[in-house]
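Read off the chains here:
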Amino acid sequence: MTHISVLTEKRISVSSSYLAVIAIVLSLLSICLGIPSLAAILAIPSIIWGADTVRRIASYGLGTGVPSIGNLSVSIGILSSLVGLKYSPILGVLIAAATGFIFGVIISRLKILKIPHFPRLITELSLAGYLTLTCLVVGVAKTDLLPMVFNGFLNDDVVKALFWTGFIAAIYWASTLAIFHPFNAGLGADERQGRTLRIATVTSGVTICLSGIVRLGNAGILGRPWMVNEAIIMIAIGGLIWIYGLISLYNACRREAASTLWTGIPGRGGLE
Amino acid sequence: MDFLILIIILIAIAIAGILISIGTMLLPIGGAPAAMFTSTGIATGAEMMLTGSGITGILMSAVLFRENGLIVMVNAGLSSAIMMSTVMLICNFLAVYGRGVPPALYTREKDPITGENVKIYITPGTTGHGIPTACFISGIIGAFLGGLGGALTFIPVFRLLVIKALGLTPSIEAIFSQLIEVSSSNVLSSIVIAATIALGMFLINANITAYAIRGVIEGWWDPKFKNTPRTALACFLASIVFGCITLLFIL
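Residue numbers (this note's numbering), protein chains in the order written: chain A, 1 to 272; chain B, 1001 to 1251.
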């Protein structure tokens, strides 16, 4: 009967608070340091945190599919990220947390979604969306290497790079996909946190690679050749993370699928 | 900037939230069961449909950025309704000619619009299929209201951004009437920022409503439609919260 306990018990390899602390510290630090390639690469902890939070919310059953919660997270994230980019990244974090919490209280008080600890979960989700989006925006559009702690960076060049070209839409949907896809792909009876977070590694690699390509385009549009270097770093590291994630996911799936617990035929089909 | 103008913009955004919420409730959302033609409605989830109709409405209002506010809103609503009725028509073609099932309602014995008896066509074990006349009309009204709401979010945000960028004096007339002496190259970034904000607000309101629906809804006669006041209140409050952030960004 040990097999059944393996199937039913939900194994959690990383606790959510640990992921939250790592994501907030690393991603916020990278935004404040203001080095574009570093910021884009350190979006990984936020994406993994967001995927883990989506996993915890959506396992209760939303009724409308997992993509909706990813859309919601990045929609709250983009509104607070605009404020964060204009004034200060730290103000943006505070606003994302506050609006996420107020939103959660409104939804759970009016009994629209009956999920335990909903305000806390949606706060985590909006913070993860905010951090992911801001990291990628800094990676895509920042034209200098100055740190930004109490100042925003929405100058003319950045507005041109993000909004004139419409690249903000690509970043928006790429972050949405990176956050919701892991659980959407991994959900099922035998879902496990480790495997879902491995898919999150793959999606973050894809997202970083895409941001690198967007930065390459921005280097041409703004006429700043030195931006190409960081774009190439982002594409290369994003590609490496993508390949690493795929290999590690493949290995995990092979390892876990090798122990066949039941052939699927009721009655006489079981393994003796 | 004048305090009264900010309040009016906030109220416009909150009314847009209510319109989007009611519009979503009126759409015939079928979800995954409708993709197998075992349920009435359009064969996809709420947020994909709403993203389609919302983006259509916001694009239309971005194209007509110079026009009078009322014209923009009606055009955005009409474009969303045209988009959604094309989707419903194709869905019906697939159901009738592809799968061979007639459109049929589940929650009513008779179609509320045409009065014909549609429940007898249901395949046993399913909850209706295709999009009957009443669902079609409900969907057109819902998409119209959704597009109206999207445009009502877009216009004040966009006009306020333009007024800030060009250094004009803000007033209610400048926000809702025609813009004449503005060239499109000056307002390009304002259009994209306003469209991004409007899309974010649209998706937040649409998702609140999608969670209240939880899956499948047929139209205004569905029992789930009774949740509308509660959902509209939630959308109103959420729109005010996010409207405050938007105003903080613009100022």
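If you're looking for bench data, these hints aren't it; they were derived computationally from the structure.
All C-beta atoms in this analysis are idealised placements derived from N, C-alpha and C, irrespective of residue type, glycine included.
A couple of the hints might just be wrong.
[As the list claims (entries may be wrong)] Straight-line distance between alpha carbons at most 20 angstroms, and here's what the computed DMTMM-like set of lysine to aspartate or glutamate pairs gives:
1) K1164/B <-> D156/A
2) K1119/B <-> E1109/B
3) K1224/B <-> E1067/B
4) K1110/B <-> D1002/B
5) K1164/B <-> D157/A
6) K1224/B <-> D1111/B
[To be verified] Which stretches of chain A does chain B cover? Using the computed rule of at least three CB atoms under 8 angstroms from a CB of chain B, they are:
7) 17–30
8) 94–106
9) 179–190
10) 221–233
[Stated by the list, open to error] So, partial list: chain A residues that the calculated Cβ filter (under 8 angstroms) puts toward chain B:
11) P67
12) L72
13) M148
14) N151
15) N155
16) F163
17) W164
18) G166
19) I168
Hints, one by one, checked against the model:
1. At most 20 angstroms may separate the alpha-carbon atoms for a hinted pair to count; K1164/B and D156/A meet this at roughly 15 angstroms.
2. Between K1119/B and E1109/B the alpha-carbon distance is near 5 angstroms, which keeps this suggested pair within the 20 angstroms criterion.
3. Of the pairs offered as hints, the one joining K1224/B and E1067/B is violated, with about 38 angstroms between alpha carbons and a cut-off of 20 angstroms exceeded.
4. Taken as a hint, the K1110/B and D1002/B pair is broken in the structure, with Cα atoms around 54 angstroms apart against an allowance of 20 angstroms.
5. Distance restraint check for K1164/B and D157/A: the Cα-Cα separation of roughly 18 angstroms lies within the 20 angstroms cut-off, and the hinted pair is therefore satisfied.
6. Proximity of K1224/B to D1111/B is assessed by CA-CA distance (about 18 angstroms); at most 20 angstroms being required, the pair is judged to hold.
7. For the stretch 17–30 of chain A, the stated coverage by chain B is not satisfied: 0 residues place a CB nearer than 8 angstroms to a CB of that chain, which falls below the threshold of 3.
8. Given a C-beta distance limit of less than 8 angstroms, the hint that chain B covers the stretch 94–106 of chain A holds, as 5 residues qualify and 3 suffice.
9. Coverage of the stretch 179–190 of chain A by chain B is violated [criterion: at least 3 residues with CB-CB distance below 8 angstroms; count 0].
10. With 0 residues having a beta carbon nearer than 8 angstroms to a beta carbon of chain B, the stretch 221–233 of chain A misses the requirement of three or more and the stated coverage is violated.
11. Satisfaction of the interface hint for P67/A is found here, the shortest Cβ-Cβ separation to chain B being roughly 6 angstroms, below the 8 angstroms cut-off.
12. Interface hint at L72/A: satisfied, since its Cβ lies 5 angstroms from the closest Cβ of chain B, which is below the 8 angstroms cut-off.
13. Taken as an interface hint, M148/A does not check out: its beta carbon lies about 17 angstroms from the nearest beta carbon of chain B, beyond 8 angstroms.
14. Restraint check, N151/A versus chain B: the minimum CB separation of about 15 angstroms is more than 8 angstroms; hint violated.
15. Restraint check, N155/A versus chain B: the minimum CB separation of about 12 angstroms is more than 8 angstroms; hint violated.
16. With a cut of 8 angstroms, the hint placing F163/A at the interface with chain B holds, because the nearest CB-to-CB distance is about 4 angstroms.
17. A hinted interface residue such as W164/A counts as satisfied when its beta carbon comes closer than 8 angstroms to some beta carbon of chain B; here the least separation is about 6 angstroms, so the hint holds.
18. Here the hint on G166/A is kept, as its CB sits about 6 angstroms from the closest CB of chain B, short of 8 angstroms.
19. At its closest, the beta carbon of I168/A sits 6 angstroms from a beta carbon of chain B; the interface hint therefore holds under the 8 angstroms criterion.
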